[in-house]
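Chain residues, written in single-letter form:
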Amino acid sequence: MEEKKKIKKPRGKARLIPGKCIACGARCQSSCPKDAIEMTEDCEPVISIEECIGCLKCIKVCPADAIEIYFTPEEQRILDEIKARSRAVAEPEAEVLSDKEAAALAKIKQYKGVWVFIEQTEGEPALVAWELLGAGAELARTLNVELCSVVIGNKVEELCRESFAYGVTRSYLMDAPVFRFYRTEPYCQAICYLVEKYKPEIVLVGATGLGRDLAGAVATKLETGLTADCTGLAIDDKGFLLQTRPAFGGNIMATILTENTRPQMSTVRPRVMSLPVRDASLRGEIVRESMPLKEDDFTTKVLEIIKDSKLDAVDVAAADVIVSGGRGMCARENFSILQELADELGGVVGCSRSVVEAGWMPVERQVGQTGKTVRPKLYIACGISGAIQHLVGMQDSDVIIAINQDRQAPIFEVASYGIVGDVLKVVPVITRRISELRAQRIKPKENRQPITKNAGDRKGRKHID
Amino acid sequence: MLVVVCIKQVPDTTQVKIDPVTGNLIREGVPFIMNPFDTHALEEGLRLKGKYGLNVAVISMGPPNTEITLRKALALGVDNAVLLSDRAFGGADTLATSKVLAEATRQLAQKEEVVIVLCGKQTIDGDTAQVGPGIATRLGYSQLTLVEHIENIDLQAKKIIARRKLEGRDEVVEASLPAMISVVREINTPRYPTVPMRLMAEGATVTLWDNKEMKLNEETIGLKGSATQVRKIFSPERAVGEILGDGAANPDEAANLLIDKLSEGGLILI
Amino acid sequence: MTNSILFLTIFLISISFFGWSCFRYFRLITLGKAENRFDHLGKRIRDLFLYSFAQRCSISGSYRFGVNHAILFWCFMILLVANTEFLLAGIFPDYINLANLPTGLYYTIALIFDIASLLALLAVLTAAGRRLFFPPKYIEARTRDAFFILGMVAVLMLAFFGLHSSEIAQGSERAALYMPISSFVASSILPGASTESLISLANISWWIHAIVLLCFLNYLPYSKHMHILTVIPNSFFKRLTRMSLQPREEFNKGNVFGVGQVDQFTWKALFDSYCCTECGRCSDVCPATSTNKPLNPRLVIHDIKENLLTNGPMLINKEQAKLPLIGGGQDGSIDEEVIWECTTCGACMEVCPAFIEHVPRITDMRRDLVEMKARFPQELLNFFENMEQRSNPWGIAPAERTKWAAKINVQPFEAGKTECLFFVGCAGAYDARSRHVTLAVTKILDSAGVSWGILGKDEPCCGDSLRRLGNEYVFDRMVKENIEMFKEKGVRKVITQCPHCYHTLKNDYRRYGIELEVVHHTELINNLIKEGRLELTQTRDLGNIAFHDSCYLGRYNNIYEAPRKAIALATNQAPVEMERHHDRSFCCGAGGGRMWMEEKIGKHINVLRIEEAMKENPETICVCCPYCMTMFEDGLKDKGADNRVKVLDLAEIIAKAIK
Ligand SMILES: Cc1cc2nc3c(=O)[nH]c(=O)nc-3n(C[C@H](O)[C@H](O)[C@@H](O)COP(=O)(O)OP(=O)(O)OC[C@H]3O[C@@H](n4cnc5c(N)ncnc54)[C@H](O)[C@@H]3O)c2cc1C
Ligand code: SF4
Ligand code: SF4
Ligand code: SF4
Ligand code: SF4
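Top to bottom, those sequences are chains A, B and C.
Just so we're on the same page, this note's numbering is the position in the first sequence counted from 1, plus 136.
Just so we're on the same page, this note's numbering is the position in the second sequence counted from 1, plus 238.
Just so we're on the same page, this note's numbering is the position in the third sequence counted from 1, plus 605.
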C-alpha cells in the first residue's frame, strides 16, 4: 500500500499541435508558471520538455486548442503500471478556489441586470440601440433579470419611453445640457456613476463610432472586460456572457468571456441583431439620475456637425456596401440600376477600370490595382469578370456577391454567393424585392426613426453656438 | 514637446487563409507588418513634426521581433523608438495593453512633455479599437477617436481642433492638450522611406523596456491583468462560390435566394 | 607670303578657338562617374569599323535617307583629307602641295576629290530638299541649324570648284584631265575670262573656302553636328550587349543612389548626350511619344546635354548646380512624369544611329526619385509595399500560389528528382487568365516528357518591375534572398513563361553571382519540336494569327524566330506580321513597371497597338507574355472587338495542337 502511494501519477508534458497556433499574443507563454515556453520568430510556442511540469495552464489558456498533453514513453509506462495495480478510479482533481478567486466570485454576484445604452445624436436614436434591446431581452430572459436602458442626453426623455416599447422595464435617464452633444468625458462619467450605483452584470453598446469611443473609455475606468464588435451573444451554463466576434480580419471567430470582473461589456455590430417588434402599449419606470457636472468642467467642445458632407464626393473606400459595375453593364445608362440597388442598401456605386475607360463612371469610383482598395461588409459585383487587377482591390470584402453571365468568370472564385445570369435582369429584381419586403413591414420601418427631424436640417453644414 | 505614436506589429491578416480541410489558419509565409492603421498614425506624427517642430517617439508592445517594425518607423524619420517587451506583457487584452502603453507614455513624459498620443483607429488582428480610448482614459488625456483631419493645434493655448468621421456625419471638435488621437485611414497617405534613411535605421538603436524598467504590478498586465478571456476560436462559416438558383432562366428565384442569404447573415435589413 | 602669314594668323586663332571649345565641352565629360568602356577591345574595334565606317546604322532599316547620310559621311571622310591638305598648304605653300606627289597617285587623288565634292554637293541638296519637302515629324527639329550647316557645306564645295576650275582655265592644273567636274565648269562657264579675273576668282574661292572651312570647324561644337566629332568614338564605346543592363548599386551609408544631378551620371551617359544627331528616330518609335505623352527620348538626351552645359562649369568649380536635372520645368530639366512614362521597351535604343542609351538614363533618374526622394506615382506605393512584404505585386497570399494546380498533379522542385524548375511567375500563378497559360505550359512539358517541378508557395517574385522602376534597394534585397534559396534548392535550369522573369533571372541575376540556365517557353517549345519530342497535329481553328513581339523577348533577348516557327508548325501557316514587328515591334505598354501605373495622359498605348493589329484582320493574336496578354485583352475590350478576336499565348496554341 505504501509503495503504491509513492508512485506519483505522471502529469504528462505539453506540446504544440502543428498548424493550430494562431499567434494570439503569447497567452501560453505568459501563463506558464515554469517559464517552459519560448516563442519563435513566428510567434508560436516552443515548449521545453525538461521544464514543463504538465500543469495544463497553457492548455487552458490557449484559445486555439493548439496545445495538448502527451506522455513520454517513460511516463506511459508508469501510467500503465498504476492502472494495472489499482484499477482505482482516478480521483477527480477538485477545483479548489483560492481566497482571491472566492472574493472575486462573491463580488460579481452583486451585479444584476442587462443594460443597453441608447445611442442618440441630437435626440435621434441610432437604430442599433433597438436591435440591442432585442438581443438584451433575450439575455435577460435567460438570466431571469431585468432589461434596462440607459439614456443620456439633453431633452431625450422620449427615448426612455420608446425603449419601453421594446421590452425595457426600467430606464435610467441622465438629462442635462452638458449631455447635449456626445463627448467622451461627461458620458463616460455618467455611465460609470450609474454602473457603480446600480451594478448591472451586462452592458451592451452599439459598435458605432460613438459607441466604441464610449465603451472603450468606460471599460477602462471600470477596469472591466470589453469585447468588441460582437456578432453573437449567449449565456453559458455558469451564467457567463458568451461573446462571439470575428477577429484576424474575419478569418476566425472567437468566443470571449469576462470571468472575474463586472459588468461584462460588449459592443455589438449594427445590423447583426434583428430589430425586435415594437409594442407601444408596454410601460416601464424611468429612473432620473443627475450628476453635479458643469460645462466648465469639460474642455472638449463640439464646434460643428457636418452631415452628408460627402454627398457629391462619394467615398468608395469608406463605404460599407458597394454595388459595383463592370463592362457587363453594357452602357452608361444602366448604372442607374446599380444606383437604385445601392440606395436601397445604403451603399454606393463603384466600378471596374474598363468602365472608367469607357467613360461611364468617374475615376474616383474605380476599385482595384490602380484605383481604390475597398473592404466593405458587402460587395456586389455586377457584370465584372474579376480580372486580377480588380480582385486585388476588393477581395477582402466580408461578403462578395457576383452577378455575371459567364459561369467561368474568375469573379466567382472569390464570391461568397453568385448568380449566373444577366445583370440587367437580375439586379432590378433584387432591388424591387427588397423594397417590396420592406414595404410589407411598414410599421417597424416607421419605428426606425421615432423622432424624425426636419429633413432640411440634416443636410449641409450646421453651426452650433 | 513630444508626440508618442503607438504602433502594433500584426500578422498580415489579408494573407492569412483558412485550410479548407482542417479549418486551421495557414500562417506560413505570412509576414508580420506594421498595423496598416498605425502607418497613418505614424505619418500624422511625422507631419506634426514637420509642421510644429515636435519630436516623435514610437512605442510598441510586443515580442522581441517587433524591433523590425520599429526600425521601419525609424527609417521614416521618428526620433526615438521604444520596444516594450516582456514575458509578463504577453497575452494581454486591451485593458492590460493600454496599461502598459499608458505607463510607457507616462515615463516618456517625465523626460519630455507629451502633447499628443497617436493611435491607429484599430488593428487588423484584434480589431477592437479599444486601446486608444484605454490609453486616453488611463492618462486623463482628451480622447479624440476616428480623426480624419487635424485642423489646428495651438501649442501655446494647449488646444487642438480635429475633425472626426462618424457614421453619416463629421464632427469638428475642440479639445485641450494633451490628447489621444486615433486616426482613420483617410487622414493621410503614408510616406515611403528613402534609402539613406533605411541605412541609417539599420544601425540606429531601439530602446528596450521590460517590466524591470517599467515596474508594473504583474497582476495588472499581460494575461493576468486581462479582464477578457478568449474561450474558443473557430473558423467562420464562409460560403465560397455558392451559385444561387438559375439566374438566367429564373431571375426572380435567384434574387429571392440571395435576399434570404443576405438577411440571414445580417447584411441587409428587411 | 603675306597671304600665308595672314592665313596662318587666322588659322591659329580659329584653331585655338576650336580647341578651346572642344576642351570646354569635353572637360565636362570628366564630371561623370567612372564606367569601363575599354573592355573587349577587339570587339569594340570591330564595332567601330562596322558601325562608323561601314555606316551600318544609317543604311539599315527603313530609313530612306540613310543612304544619303552614308554618302555624305564618306565624302566627308575623303574631303577631310583634302581639307587638311588645303589648310596645311595654305600655311606652308612651299612645302606641302599634292601636286608634288608622284603623277599617278596625284591624278587618282584629284579624281577622287573632284567626284567626292560633287557627290557631297548633291547629298547636301538632297538633304535640304528632304527637310523642305519631307520634314521630320517633330516640330522642334532645328531646321535653321541644319540649313546653315548644309549651306556651309554647299559653299565649301562651290568654292572648291571655283578654285579648281579657275586654275584649270588658267592652265596651271596638270591634273585637269582627271578632274572632270572642275574641267566641265572651267570649259562651260569660264572660257574667255581674263587671266586676272581668273586669278582673282581663284583667290576669292580660296579665301572663301578657307574662311568657311574654319567657320564650319568652329561652329560644329555648338550645333547638333557635334555628332560629327563624337559618334565615331561612341561606336567604339557602344554597349556590347543588346540592351544595356543597369549596373548594381552598393548600399553603404553615405552613398548616393540614382542620378538626381547631372554629375552623378557616368561619363558615358554624358558623352552620349553629345552624340545625338537629333534625327528623331527614337521619338518616332517611342510608344509614349507616339501616344502624345510628354516623354520624348530625344528630348531626354537633349535635356541632359543642356543641363550639363549649364551646370557643368559650376560643378567643375565645385559650385552648386543651379538648374535641377529633374523637375526644373524648363529646357535642360526633365519632368518627373516624363521619367515615369517610359515602358523601357528599348525601341529608342534599337533605332538610335548614335548608340545612345536612353533607358538606363531614365532608370537612373527613377532610382533617384525612389531611393533618394521617395517620390513616385501614388499607385506605386501599394506595389512597392506588396513586393517588399509579400513578394508579389498584388499582395496575394502565398497559399494561393498553387491554386492553378488544384486539378493537376504537380511535383515540387527537388534537385536530383526534377531537372528543371518551372518558374511560374506571379502572373502565371495569380492571374486567372494567365493560369490557363500556365496549365498549357505544363501540358506541353508533360507531353514532351520534360522533368520539371515548381517552388509552389515558396516561389518569390523575380523583382523585374522593382528594378525597372528604380527601386534597386528592395530589388537588391529580394534577389539576394532568392539566390540564396535557388542555391539551397540546387536550381540550375529554369523554365519561365514570362519574358520579364526570363530577362531578370537570366541577365540581371547573373550580376549577383548566379548563372542560371534560363529558357523562355517559346524557345523551349521550338527546341522540343525540333528534337521531335512534341508531336503536333495542326490546328486550323485559330484563323489568321497575328504575332506580337514582346520587348523583353525580342529586343532584349533576340528571340524572334522561335515563336514564329512554332506557330507555323502548329497551324501550318506562318503568322501574319503587323506593320511593326521584330526589332521594330511596338510595345504593349506594360513594361518598365507601367503595368502598375495608371496611364493618365494621351491615348493608351495598348489601344494603339491593337489598332495596328486589327489592320491585319486577325482572328487570333498570339502573345508570349502575361503582361502583353492583359494589355491586348483590355485593348480589344476597349475597341469592342473582344468577341471577334482572341488573344492566346503561344503555349495555348501549341497545347491545342498536341496530339
Ligand atoms: C481572437 C482574439 C479576440 C480578441 N478579442 C478581444 C476583445 O474582444 N476585447 C479585448 O479587450 N481584447 C481582445 N483581444 C486581445 C486584443 O486583440 C489584443 O491582444 C490587444 O492587446 C490589443 O487590442 P487590438 O489589437 O484590438 O488593438 P486596437 O484597440 O484595435 O488598437 C488601436 C490602436 O492602439 C495601438 N495599439 C494596440 N496594441 C498595441 C501594442 N501592442 N503596442 C503599441 N500600440 C498598440 C495602435 O495604435 C492601434 O492602432 C483578442 C485577441 C484575440 C486573439
Ligand atoms: S503545461 Fe504548464 S508547465 Fe508545461 S508548458 Fe504548459 S504551462 Fe508550462
Ligand atoms: S496560446 Fe495557443 S494560439 Fe496563443 S500563442 Fe500559444 S499556442 Fe499559439
Ligand atoms: S524605352 Fe521605349 S518608352 Fe522608353 S523612351 Fe525608349 S522608346 Fe520610349
Ligand atoms: S537620341 Fe539617337 S535616335 Fe534619338 S534623336 Fe538622338 S541620335 Fe536620333
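Bear in mind the hints are in silico, worked out from the structure with no lab data behind them.
For glycine and all other residues, C-beta sits at the position ideal for the given N, C-alpha and C.
Certain hints may be false.
Stated by the list, open to error - Which residues of chain A face chain B? A partial, calculated answer using Cβ under 8 angstroms:
{"no.": "1", "residue": "161"}
{"no.": "2", "residue": "162"}
{"no.": "3", "residue": "177"}
{"no.": "4", "residue": "249"}
{"no.": "5", "residue": "346"}
{"no.": "6", "residue": "353"}
{"no.": "7", "residue": "364"}
{"no.": "8", "residue": "368"}
{"no.": "9", "residue": "370"}
{"no.": "10", "residue": "373"}
{"no.": "11", "residue": "375"}
Exercise for the section: List, from low to high, the hint numbers that the structure doesn't satisfy. Expected result: Hints 4, 8, 9, 10 and 11 are the ones this structure does not satisfy, whereas the remaining hints hold.
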